[in-house]
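Enquirer: First to last, the protein sequences are chains A and B. Take any residue in the first sequence, note its place counting from 1, add 789, and you have its number in this note's numbering. Take any residue in the second sequence, note its place counting from 1, add 789, and you have its number in this note's numbering.
If you are wondering where the hints come from, they were derived from the structure by calculation, not from laboratory data. Just so you know, these numbers come straight off a predicted model, no measurement behind them. The C-beta atom is built at its ideal place from N, Cα and C for all residues, glycine as well. Some hints here could point you the wrong way.
Claimed, not checked - If the Cβ cut is set under 7 Å, some of the chain A residues that face chain B in the computed set are:
| # | residue |
| --- | --- |
| 1 | Pro945 |
| 2 | Leu1050 |
| 3 | Asp1054 |
| 4 | Arg1058 |
| 5 | Tyr1060 |
| 6 | Met1113 |
| 7 | Ile1114 |
Number of protein chains: 2
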Amino acid sequence: MIVGDLIKSPGSWLSMKHDTGVVISSRARLARNLRNSAFPGWAGEDERIRICENLRAVFEKIPALKDFIFMDMAGIEPMDKDILRERHLISNELSEKGTGSALVTTRDERVAIMINEEDHLRLQAMIPGMDMTGVWKQIDDVDSELEELVEYAFSPELGYLTACPSNLGTGLRVSVMMHLPGLRLMEEIELVMKGLARIDMEVRGLFGEGTEAFGNMFQVSNRTTLGESEETILNRMTDVVNDLVTHEMNARARLMEQRKLQVLDHTGRAYGILMHAGVLTSVEAVDLMSALRLGVELGIVENLSVSRINEIILLTQPGHLQKMIKKNLGPLERDKMRADLVRDKLQGISLV
Amino acid sequence: MIVGDLIKSPGSWLSMKHDTGVVISSRARLARNLRNSAFPGWAGEDERIRICENLRAVFEKIPALKDFIFMDMAGIEPMDKDILRERHLISNELSEKGTGSALVTTRDERVAIMINEEDHLRLQAMIPGMDMTGVWKQIDDVDSELEELVEYAFSPELGYLTACPSNLGTGLRVSVMMHLPGLRLMEEIELVMKGLARIDMEVRGLFGEGTEAFGNMFQVSNRTTLGESEETILNRMTDVVNDLVTHEMNARARLMEQRKLQVLDHTGRAYGILMHAGVLTSVEAVDLMSALRLGVELGIVENLSVSRINEIILLTQPGHLQKMIKKNLGPLERDKMRADLVRDKLQGISLV
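Assemble the whole structure, with the sequences as input and the hints as a guide.
Expert: Dropping the structure here:
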């Protein structure tokens, strides 16, 4: 099973780089459609299947997609779809589709393409840490090569045409996953969120649209795709994120200066619960791991790496958890297994 | 300082006996007034002082009160009043009084007498575990000897006269402090509370009237003092408490049968937080100690005695905590000191 291969380790975008610890990963995605084919929402099953097959053949010619994995949504079990969602490879919307929709991903999961989600093509690049230039280059390479091989739906006035007007123009959405516990603990996060909304930035939780920001993890992305160049979008995102990183680092400094006892308490309780709970929900696990991550970054927790934390967060998501023991579990069994796994993975860590 | 002597150990009623673990202590109190003296609420300061002095002299003649401690409320600092309240020796009402009100207590704290609270005399006996006969005998002895030496306000029709009609008649209120975590965890506690209200039993929290039932500790007492003999009141309380003990033990058995994982989780989390928190409020400390107590009684927690638990609960109350280091602390400092003390006192315990 292909998904089985993936889950042995986190995607490389999650495990390879670690700067300030505030930015977890950078992501860019392009919405593209084929000229002369109906948009997926209007296309019949035959047409959608034909589109999938044609694109699959085209991808074989693109060096950046070498050795890609192709997954027809019709053949994917629900548990495996959960895993793909948890790894940010497919959207909730694609996971609900079957025949005529597919996922294509490189083996390192840095480039993933959804076929026949809302648009014919959703090209995604994801890399660890903050690197708008890098992530843009990665997705632009694939897009440019693809544009040589297929004809995109494009209007000289509007730019790339998309199923939903909110993606029209560049079709570019960039997003950065950030860990902002300092702003949360200093009770400044609401203010920051309001500020982001005012400059037309969208903020979502760890698992995208409609999810809560648990674990103090926030996905910040641009709302506007039309009337701005790609460069403007990328530069603005870089400025915004750098600003947020500065705010977060300031908040952490003030936290250690003014509220050190509360930080120690926050970390200590997280450690105590993670090491001794009998059951853990996935939301609680991420929340507590967020506290440990902050503890690591502030030098309060020892013998724990950030990549181990990322691994634990990913492996304790419901899909990954069930895949690991190859069966469906009830919520309580899952919560027990999660608590056991976390305890096991955290053995040997210590509080300063 | 007299209060300083008391706090070296818990009162003997709290530390000596341990049956099922469900009943912590039994208490009986009698409301009495002196004939030919105005009730405390109507008496002037001079009269109240005279009453205190007269009674103090009378108490010297009662063998059961040998070596008693006399504390004039006017001379007691606020912190020491907190300690007396935390030890269940005085009520909130007495702690607000000054000159002309006093506390008399035996050194083992099993008999305590409030002078000029709402009534001239509030005689209290308190002993560990469930023992209505024992606690009644203890208070009846003092009352009978006292009745030989002073003249009580008594009406052949109504019985003993009291400031508030709710105490009229026998003037007897018996109460039992119970620990009911099983019923709480099985979500049956509300039902039980409603049942108690229907048979005219009053339920209060750990620190009496108006306090929340934190730590799953409940004080159950009779509401009626009039129209029933002392024997009827005592027998009814015994029946009610035996019934509650049976319910609680059944709940615990079902808990271990049907929800063992949750019990282990409940205990594990309490242990984890108590061992690693940087700050603990007094309410949270009692709640978590309740979980450990249940753990001890179910054989999940080892190397921890119930008397150690009682000691921790008492010593971490705000008054005791501040007395221990002989200064007033802000809430955060208190919560830190409490967390440090608890961690220290729990060293060496382990989860099965």
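Enquirer: Evaluate each hint against the coordinates.
Expert: Hints, one by one, checked against the model:
{"no.": "1", "hint": "Pro945", "verdict": "62 Å, violated"}
{"no.": "2", "hint": "Leu1050", "verdict": "5 Å, holds"}
{"no.": "3", "hint": "Asp1054", "verdict": "3 Å, holds"}
{"no.": "4", "hint": "Arg1058", "verdict": "5 Å, holds"}
{"no.": "5", "hint": "Tyr1060", "verdict": "5 Å, holds"}
{"no.": "6", "hint": "Met1113", "verdict": "19 Å, violated"}
{"no.": "7", "hint": "Ile1114", "verdict": "17 Å, violated"}
In summary, the numbered hints that this structure violates are 1, 6 and 7.
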